[in-house]
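Below are the chains, spelled out letter by letter.
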Amino acid sequence: MKYSHANRLGIFICHCGVNISSTVDIETVKKALTGYPGVSLITDHTYTCSNPGQDMIRNKIREEELDSVVIAACSPSLHENTFRKTLEEAGINPYKLEIANIREQCSWVHSDRKVATEKAISIIKAAVSKALLNEPLTPISVPVTRKALVVGGGIAGIQASLNIANSGYKVILVEKEPSIGGKMAQLSETFPTLDCSQCILTHRMVEVERHPNINLMVSSEVTRISGFVGNFEVTIRKKKTYVNAEKCNGCGICIEKCPRKTDSEFDRALSKRKVIYRPFPQAVPNIPVIDGEHCLYLLKGRCGVCRDVCGPGAIEFEQEERFVKEKVGAIVIATGYETFPIENIPEYGGGTIPDVIDGLAFERILSASGPTGGEIRRPSDGKVPKEVAFIQCVCSRDPEKYFSYCSKVCCMYTSKHAMLYKHRVKDGQPYVFYIDIRAGGKGYEEFYQRASEEDEVLYIRGKVSRLYREDGKIVVEGTDTLLQENVAVRVDMVVLATAIRPSQDVSRIAQLLKASVDENGFFTEAHPKLRPVESMTAGVFLAGCAQAPRDIPDTVSGASAAALMVCNLFASEELKHEPTIAGVDEDVCSGCGICIGVCPYEARELDREKRVATVNEVLCEGCGACTAACPSGAAVQRNFTDKQISSMIKAILA
Amino acid sequence: MEISYYPGCSLKTSAINFERTALSTLEELGIYALELPRWNCCGVMFSQSADNLMLQLAPARVIMEARETGRKRLLTLCSMCYNTLKRSLLFFKRNGEKLKKINAFLKLEERDFSAEGVEVIHLLTLLSELDTSNFKMKIKKIKSNLKVASYYGCLLTRPREIALDGVENPQIMEKLLEIAGFQTVNYPFKTDCCASFQVVNRRNVVKKQIRKIVTSAVRNGAEIFALSCPLCEYNLDSVQQELAQEDETFTPIPVLYISQLLSLALGQDPKLNDFSLHRIDPRPLFKEKGLL
Ligand SMILES: Cc1cc2nc3c(=O)[nH]c(=O)nc-3n(C[C@H](O)[C@H](O)[C@H](O)COP(=O)(O)OP(=O)(O)OC[C@H]3O[C@@H](n4cnc5c(N)ncnc54)[C@H](O)[C@@H]3O)c2cc1C
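Top line first, the protein sequences correspond to chains D and P. Note that the working numbering gives residue 618 to position 618 of the first sequence, counting from 1, and the numbers run on in steps of one. Note that the working numbering gives residue 21 to position 21 of the second sequence, counting from 1, and the numbers run on in steps of one.
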């Protein structure tokens with residue numbers, strides 16, 4: 001006999017190798033579902049996601065004239081899209097598919113075969129009752145704005161911007177500081193090849209500035225982001241710099257004449273800078289800015305020397321901050337990191353002993369352009385330190401007190417520091433306290449070996465318990481776990497390899513983007529292995545240390561990958577948006593507006609004339625918040641209606 | 001204000017001056033410490049260091065006594081008692097099974113044991129909660145230039161869960177001493193262990209430790225130690241005396257309970273202090289500084 005069309009449903013059960021079949025008895029499941037209302041076919045396959053598996057599904061759909069399908073397999077987050085395509089290829093609407101998750105929610109979490117089998121049957125029955133009520137849907141098409149926003153102008157942001165711009169798309173690069181370059185600009189030489197950091201970086205910075213496709217906005221911050229993949233609208237705040245960048249010719253006479261000095265952030269307070277300044281000589285753009293917190297004119301109305309000496313008249317004390325609105329299609333987050341402040345580590349003398357400094361400060365001391373011209377002199381009295389202790393894992397790998405994660409780059413940069421110190425202070429003795437050395441990477445182990453063997457760096461395996469001053473020396477007490485005894489070394493200077501943590505306003509950016517961060521504040525990737533540069537929010541990509549502590553090679557490769565994902569997105573003119581979103585039953589809607597308040601995507605509005613709520617199909621992400629909140633049941637979730645849910649519950653309880 | 005008070009063994013014998021000065025200081029500040037009607041030894045750190053539930057009986061009994069008074073807080077003066085009781089309380093809060101077991105045992109005595117409703121508090125915490133202006137007003141002695149090294153030892157700040165102040169650099173004693181008009185000194189070993197019970201059969205270990213602590217404190221200007229642990233007091237006091245006998249260059253300095261200094265500053269009867277209990281007599285120093 002011929003079945004009515006609505007009833008031609010097929011069930012395909014996947015063994016997933018033995019992932020499912022070792023705990024779920026497939027034959028029992030098949031028997032239990034044979035003759036279940038609406039089911040006209042039930043079959044199984046070792047790997048439904050494989051090519052032969054999909055061929056089988058396509059053939060059965062055609063042979064049996066199926067019009068809806070249940071696939072009992074792994075989580076829909078893995079293969080729902082794969083199978084939707086399979087259905088489409090076989091000529092039926094892809095939204096007539098329902099996945100019954102009998103792996104993550106069943107076989108993997110049970111060991112008792114009987115229990116698992118019964119549960120699998122319930123799960124599939126529920127999926128069948130839902131599938132029978134699924135409507136055919138068509139994806140919504142959305143246009144794509146082919147322009148990217150890159151937040152953060154460290155090496156990650158620079159690399160991503162250049163890659164996107166070189167592919168022919170426009171980029172807006174937003175950097176909060178007066179110059180791009182990030183931490184890499186502060187480094188002296190870089191492991192493992194010891195090439196000069198600035199030399200390999202600055203030409204890229206210049207390339208960014210000159211690139212016709214890049215709109216560089218420094219001293220700027222993103223304050224608002226709305227919209228969705230392909231169609232973000234962002235507001236960028238241009239902070240006051242009191243210098244008109246169009247008029248300034250970068251001559252620098254203002255800096256020369258400025259009478260006031262303050263600590264240089266770039267040199268980690270080891271040197272002074274003027275109040276009108278560029279962070280460093282190779283800054284890009286090369287336009288000075290005024291530090292409003294220290295400027296005499298801005299604070300007290302006195303001075304104004306810079307304005308008087310400026311030829312082109314670029315100094316504008318009256319400048320106001322500006323807000324710029326831009327439309328972009330994709331966003332790359334490259335906000336980088338900061339190092340944990342040593343003032344917060346009193347047990348290691350941070351903030352109280354001037355000759356206890358952090359790694360970035362030591363990078364400045366090592367730099368030819370740094371506060372000591374590259375000579376190794378300690379901050380307190382300018383003496384050459386004859387003995388230096390380097391302490392690794394300060395606050396990293398310390399779940400008791402600070403962070404449980406490994407900051408990844410410290411083993412290598414400490415090797416570098418100790419080595420460069422020894423190269424410059426020939427009769428000096430570097431000590432390194434470490435837990436263990438992690439030198440995974442091309443040429444890394446060899447680099448570390450060179451430090452410990454050729455450069456006579458003394459490696460002491462063990463943690464430091466305390467640091468204090470005695471007779472003009474700093475005593476570093478620790479334990480040597482190899483010799484199994486406590487040790488104390490008396491040194492002239494201490495360098496702390498402090499933990500790398502995300503840039504501190506990351507939580508604000510994450511909120512703006514609705515992107516998620518992990519317990520340490522690093523951005524979470526959509527999948528740690530297979531989608532490593534995508535965030536959990538569509539159209540938002542991740543690069544560099546904003547995601548996890550990493551070195552320059554890893555940062556650059558990740559940034560290029562993120563750029564490629566952006567270009568991928570821009571390759572088509574429009575995007576398909578999932579149609580499984582909210583809708584409104586206008587006959588029932590009373591226009592109370594509760595749905596507007598609960599919608600996290602600003603997709604709900606009130607139609608004042610009709611006095612009913614509406615759904616912006618493009619903004620709606622189908623989260624279901626409005627359907628749950630609607631008091632009258634007028635808000636419906638397509639293919640996830642109340643009726644479907646109750647029939648699923650009935651199927652499970654039956 | 002009334003608070004339950006658990007003395008512990010030493011406070012009735014070798015550290016009787018600690019008890020007297022602490023209780024009189026509290027009284028002066030309006031706090032009446034009511035001794036538990038019945039109590040036993042706290043069990044000492046051994047009760048916390050072995051995986052033996054029987055050893056938890058001693059602190060459990062003290063906690064039970066405290067609960068039966070109906071007052072929430074239980075005051076301790078001795079650092080060891082503080083450490084033991086607080087850790088035991090935490091142990092029972094975290095180990096429901098163990099609590100049940102010990103309760104089953106205590107049922108034989110027809111009493112009900114629970115870790116809820118009691119809080120163990122140390123003298124230092126109690127004092128630092130008080131209104132400082134009131135405290136300052138009561139200070140009778142003129143500002144003294146006596147330089148005091150606070151010695152915390154290990155029991156007040158370790159393990160972290162029971163620490164009464166910052167683990168790495170506690171300040172609670174310094175703050176109290178400064179309110180009372182003393183000068184305080186900074187030195188790196190204030191939370192080092194005094195070597196504790198090693199004094200029984202490995203005196204050399206204690207000597208090494210005490211020499212390090214004292215030398216560093218003296219170098220940083222200390223003239224006297226303030227502490228709150230009878231065992232630390234014994235080790236610092238007796239071992240310093242021994243070191244001084246062996247080595248002429250070693251300068252011993254007096255060791256006092258912090259409440260002794262506070263009581264002096266409050267202008268209370270010096271007799272409460274019973275200085276004869278100290279091997280290194282602090283009186284000459286106090287006279288020199290105008291405190292006696
Ligand atoms: C002491 C030390 C030595 C090192 N040595 C080496 C080495 O020798 N070799 C090596 O390979 N790696 C080294 N590293 C690691 C290297 O610094 C990083 O891999 C690299 O800097 C990461 O680049 P990034 O762009 O992700 O982050 P950053 O360099 O931190 O750049 C982030 C940028 O984003 C900006 N920003 C932050 N928040 C916002 C916001 N909200 N809006 C706008 N802009 C924002 C910041 O101002 C900054 O310019 C070292 C690290 C340290 C700490």
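Derived from the structure by calculation, the hints contain no laboratory data. As the structure is a computational prediction, the values presented were derived from the model and not from experiment. Some clues are possibly wrong.
Said to hold, decoys possible - Going by beta-carbon spacing under 8 Å, a handful of chain D positions derived as facing chain P: (1) E343; (2) R461; (3) G462; (4) Y468.
To be verified - Dumping the calculated EDC-like pairs for lysine to aspartate or glutamate here, alpha-carbon to alpha-carbon at most 20 Å: (5) D:K401 with P:E129; (6) D:K401 with P:E109; (7) P:K208 with D:E485; (8) P:K212 with D:E375; (9) P:K207 with D:E485; (10) P:K208 with D:E477; (11) P:K212 with D:D471; (12) D:K463 with P:E168; (13) D:K463 with P:D192; (14) P:K208 with D:D55; (15) D:K401 with P:D165; (16) P:K212 with D:E446; (17) P:K212 with D:E519.
We put the beta carbon where it would ideally sit given N, CA and C, even for glycine.
Earlier hints that do not hold, by number: 1, 2, 3, 5, 6, 8, 14, 16, 17
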